[in-house]
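Peer 1: As a plain string of letters, each chain reads:
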Amino acid sequence: MRHAWRWLVPLAAVPVLALLAYGFRLNPRDIPSPLVGRPAAPFSLTSFDGAPVDLASLRGKVVVVNFWASWCYPACYEEAPVLERGWRAYRDRGVVVLGIDIQDKDEAARKFISDFGLTFPNAPDRGGKVSIDYGVYGVPETFFIDRDGHIRVKHVGAVTEGVFRENVERLLAAAPAAGR
Amino acid sequence: MIPEIGTGVLLVALTLAVYGALVAAVGGRRGRPALVQSAQHAALGVFVLLTAAFLLLIYAFLTFDFSVRYVANNTNLGTPFYYRITAVWGALEGSLVLWAWMLGLYTLLVVVRHRTTARELYPWVLTVMLGVLAFFVLVMTVPAPVFTRLAPVPADGRGLNPLLEDSGMITHPVALYLGFTGFTVPFAFAVAALVAGRVGDFWITTTRRWTIVAWYFLSLGLLIGGWWSYHVLGWGGYWAWDPVENAAFMPWLTATALLHSVMVQERRRMLRLWNLALVVLTFALTLFGTFLTRSGVIASVHAFTQGTIGVFFLAFLAVVVLVALGLIAWRWDSLGAQGELDSVISRESAFLLNNVMLVAATFTVFFGTVFPLLSEAVRGVKVSVGAPFFNQVNVPLFLSLIFLMGVGPLIAWRRASLANLKRNFLGPVLVGVVAAALFRLLGVGSVLVAVALALTLFVAACIAVDLFRATRARRAMGERTLPALGGLLLRHNRRYGGFVVHFAVLVVAVGVTGSQTWSVHTETTLKRGEQAELAGYHIRFDGLHESQESNHSKVTGTFTVVNGKAAGTVLQPAKKRYPQEQSPIAYVDYRLGFIDDIYLVLGDFAPDHTSVTVKIQVNRMVSWIWLGGVVLTLGTVLSVLPERRKAA
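Those sequence lines, one after another, are chains A and B. Reminder that position 113 of the first sequence reads as 113 in our numbering, one-by-one numbering, no gaps. Reminder that position 535 of the second sequence reads as 535 in our numbering, one-by-one numbering, no gaps.
Be careful, since some hints might not be right.
[As the list claims (entries may be wrong)] Straight-line distance between alpha carbons at most 27 Å, and here's what the computed BS3-like set of lysine-lysine pairs gives:
#, chain 1, residue 1, chain 2, residue 2
1, B, 554, A, 105
2, B, 554, B, 615
3, A, 61, A, 154
4, A, 105, A, 129
5, A, 61, A, 129
6, B, 576, A, 129
7, A, 105, B, 576
8, B, 576, B, 527
9, B, 615, B, 565
10, A, 129, B, 565
11, A, 129, A, 154
12, B, 527, B, 565
[Said to hold, decoys possible] Okay, the calculated beta carbon distance ranges per label pair:
#, chain 1, residue 1, chain 2, residue 2, range
13, A, 59, B, 389, 45 to 55 Å
14, B, 77, A, 41, 47 to 57 Å
15, B, 389, A, 51, 54 to 64 Å
16, B, 604, A, 56, 31 to 41 Å
17, B, 153, A, 162, 21 to 31 Å
18, B, 543, A, 170, 23 to 33 Å
19, A, 170, B, 48, 48 to 58 Å
20, A, 138, B, 308, 36 to 46 Å
21, B, 543, A, 128, 49 to 59 Å
In case anyone wonders, no lab produced these hints; they're calculated from the structure. Given the structure is predicted, the values throughout are model-derived calculations rather than measurements. Heads up, the beta-carbon is just placed ideally off N, CA and C, and yes, glycines get one too.
Next up, chain B with everything else stripped away, as it sits in the complex (with noise of 0.2 Å):
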């Protein structure tokens, strides 16, 4: 009965997403606010619908329910019970149910929140919300059903991939996907004041908090998934430049543009052309992600499936494209500056430059992704461009950034003076320049290494006078340290999240700089009770136990640290054969440190498990990725909080 219920409540939800964005379209044409209504009943019943087909989804596969051809393409009875549940959203179809449902909270969001604050913005951000719902509920119904029956009901399912049993497949989805259909707010908002001609502030002061929200969620999604890679694929590493690991990666560079360019926008009444081309550029390579992942055009460890379902997102793809661009350049004449820049020396050039880079990492991330669907189609040969060419172009760009980062906060608007510039960054100046020496003279890495810390030296130099010289004057008012401290975070909220962000920003920096600079490995073969050293760790290796799992087989190896701090941990590297795959999948055991991470991937081993070849690694500050995280979420929230300003 599933598959039919199923595909029956997604097609009503189809049908009702229509209606819903042309009744709303209608509305806001004709100024006809029961109409309006209607589409809002309509959004409503869209989310309850999809919430349902989400429900009888999961349910499916609770209960292996075998007759729904997903079910068992993604589960067996070993399956897990925890996995059953990530396994929902496991593979394309499914993914796609979340991603729908998604959107639809949003949607509702939206209503929830402004069906009386945005009047004559309102029914159309109605129409594009319910418009974008309808494409993923059509994609759920024709090229990618999941309620498909099977029939003959199989005993068992095929299960699920190996790969996916981890905790980090329920939450790297769910933020990377509140980030990726999160975007459509925002987009959503532009639109309707392109339509409604209001071009003006108000959507970009209304979508602020709306871009923040899924610019943080992605940015979670990008963290989680580089933490899913280290932790479980086995190579110590946490971004590859996969095409689809980029294809999260531009919104998430567009975004930040944007982030920053809105406060030109808000201040100096610049940049209003440029800030919806930011925006429609995110959505659309938000949809350019989705496309990349689903429909097999550039090959990944990432891509789900092939079929029709590309062809789809490409056609949805052109139309958001081409209708947005057409409405920016119906409107060109209104989308002129009121503002203009004063001076070079300013903050809002800081945030031109910041922009400028951010969109050239972009181009360059986009152009190196899609560079082997170019050869191909220019010269007939398929060639990728790896890891080296994005770094080799990236890593410049991002120093850059991590410089401005420093300066765009501090900087005075319109025109800095002399007296300005001296005042805010001569002490952050002569941190970064001594450090910069100090790490040469220590011989710490190369040039490049010294630099990128020197630099996040000086922006968190930068950060520590204006919180310094803030909280002087809370004091010069009689406030305590803390208080003044505490009180200065949450009033200004919005600057001091940004701040916090900052500095999330600068973990992470070290973090890779670190990871990437003084990691060291090594492969080697042990005979039981054997040694091996890295990097002063002695590693013992003590045996290898075979066991049945329920839905695997299983061969582990036991380690243990026999000296310094981490003498006495004991790792557990496996190795784990699934029927339904060819090949074993490597189970890493490791143990986190502040500063180094002991990592081991079990290689082969003899038959009579008396040897066994085991890869060792030491990586240095990967958990400050990690940490940076943590800061990341404190500095979002600490931004999105409502401003107190005006109350104290």
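Here chain A stands alone, though its shape is the one from the complex (with noise of 0.2 Å):
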């Protein structure tokens, strides 16, 4: 057949589709955290019951910060019936998660915690000060923090089961510095 090479035509199409495929296989949202690593910077807070909430005070134990807000639909709505899910299921072996709600109404607030019946400790952030502190994007982000109150993980997006077990399973195995 005359030309055969024509058929080189749709094939010279496909090293460019190959690399738009390869782009699924990235996160361009995927900003590192500086972060990660570092001691995570102190805050004490008066939790929506009145109680106080000091990251200090929770040093040997592991911390998951969750950074939320009742206007973030759909992520924290996703979310919040998994970290009380953890919470239940951890809180014996040395878990505390910590809900932190930035840039929020009070009433607002309130209901979305009654809503999905949260009993860990929930505390505004007023002045948002932590959440500029941890260098908050956006809502939900979320902090896996060890018993040596170092972070050790930036989770960006709503927090799923698989997500929270590996990380609070691998910060629980971790033997804590010596002196504890």
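Both chains are sitting in their own frames, so use the hints and assemble them into the complex.
Peer 2: The structure is reproduced here in structure tokens:
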């Protein structure tokens, strides 16, 4: 057949399409946090129930700090039950879940907490100081802090059952530093 | 109820579109008009259903129906009426509704216009249009369902992205999508021509107007996008070579090439293969644009979301490109040229050069846009190329294109004689050279700026020479000047419509050159009553006040221009704080002028409101860009009017 090479014309598009397909393996929002590996910034807040929430007092425990807001639909709504279940499953093993509500109205935040029946401590971040210290870009973002008070993982977006368990188990397995 | 009704409507539309596409293909292949007619009814049905879905969504927004997840995500009780309508296409799922609705509209218009005129191609055209439509409706039902129910129903929604609370949000997406979807028509005709084996010139002449209309809306969408960026984002610019801007620009470049190369095919029976390739490329690039915006593959300010939708788009893009190129390969032997290039100094060669430049520009923009992916794939490092790359590569290309814009319309077809060249170009070249020399003597900007401005004057002179000569010819037949000029524009509307569009491009080019060269800005902190000076304007800070709007709180600064032509102008830039946003949104205030725009952005302010940091810009000749858009509209209208030459 004449011009058999003409069938190469459609083939020329294949590398371009392959490159685009490769793009799916990447996450452009994957911005590495410089805080990972550093000591977690201390904060003391007052929870919605009026109880003090102090990070320093939790040294020796694995702390999951979750930044959320009642207007953050759907991600915060998806992860709230996950966090509550995680808290109930792991609290006896030395894990604390802390919710920090940012840029929110108190009334809406309280409704959110009661709607999901959250029992772990939740505190409003008035003035936004804590979210600035943690370099929060948006909600939800979750920080996994080890027993020595170092940030080990920053998770952007809704926390899933798998993400919660995997990180918490790993931090629980890690031996606490000397002196403890 | 709305989520269920909406989903049902879309499912029926999907079924109908798939049915129509198949039935039209069978009808085309077996020569059964009844089947094609049935496909026609399907097209009408799909359009009616999509209209219903669209209205249903608008209704859900207007009535704050937060049981629809999309509504809850993109509006709240404070969203003003007007923006509740634009919020319909403010995010991924809704933008697809608008997109599909427009595609449905184009399909219906094709039915109305071509059902009797394009017999052999028509069934296949319907197949392609309904096939593309089916794909979009599929996306609307599976990876990006717009009518998902939300339970429990929240008391209030999240609210619209504040940057989208702007009048540009009505016009920008509408124009852009009309452009994007419009290119489906020439693509459908091209594929139909290949399938039916009628690769002659019929499909080209039939789709000329469609291509112009799509091209016009795309141009308008790009310009309005620039305007939105200029007056909303507060950086004083209108183009950033953002991946998604590039994604809209690339089909514009190839479509511009196409508009010129079809003339060569019509006149000289050349470039058949090239034109088919350009149509396929243009349509593929519109899909690539939607893919980029909606897949999250490349980070961009325009990016909607991530999810499985990208996979759908990429798969569809692959099918479109492979099938279309496969068809071209299949018909390869009948795509040869009948005419041939007689001389390098001719109009066809000017057009060819124009096409090469435009495609080269497309390639560089494409390369720059996907470069981050390429570098990560090859070296494992994420590197983006910024504006410097795009500017460096494209400025010479665009300057050459402007030069060709003067040459192309005046030079003779086939072979230009020395006499023809002298007659047409001696004057304009002199104008250009003298202007360049003058600009340099007066110290106007850099060499590049002098060249750019001289080139635009050269082209303007070319247009003037042609108009003058043609008018004189009519006057010689006894007409008066103005009627002669008017008659000329109307009788040869295709040619002179093109001229007007060229002129619009010149106006935009001057605006771009001027604004890049002569704009100045400063940032300063002022106490109440103090003045700042920039480019001869004295601007006084009069005070700040706070206010509460329906869905946000706002701090407004008041500034007064105290001298010069703009004396007494009060500007009130503000900072808006939306509960759903982390950081405040700047609200720019500006005074537009023919030459100078005064443009203020409010920065930080003291808690007691006694002092404020303000960014003052005097942007020059930016208005010419918007003015160019108006001229462009006139030119396009002129060139798609029915031709009257034969009647004359």
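Peer 1: When the structure is checked against the list of hints, which entries are broken? Sort them ascending.
Peer 2: The structure breaks hints 10, 14, 18, 20 and 21; every other hint is satisfied.
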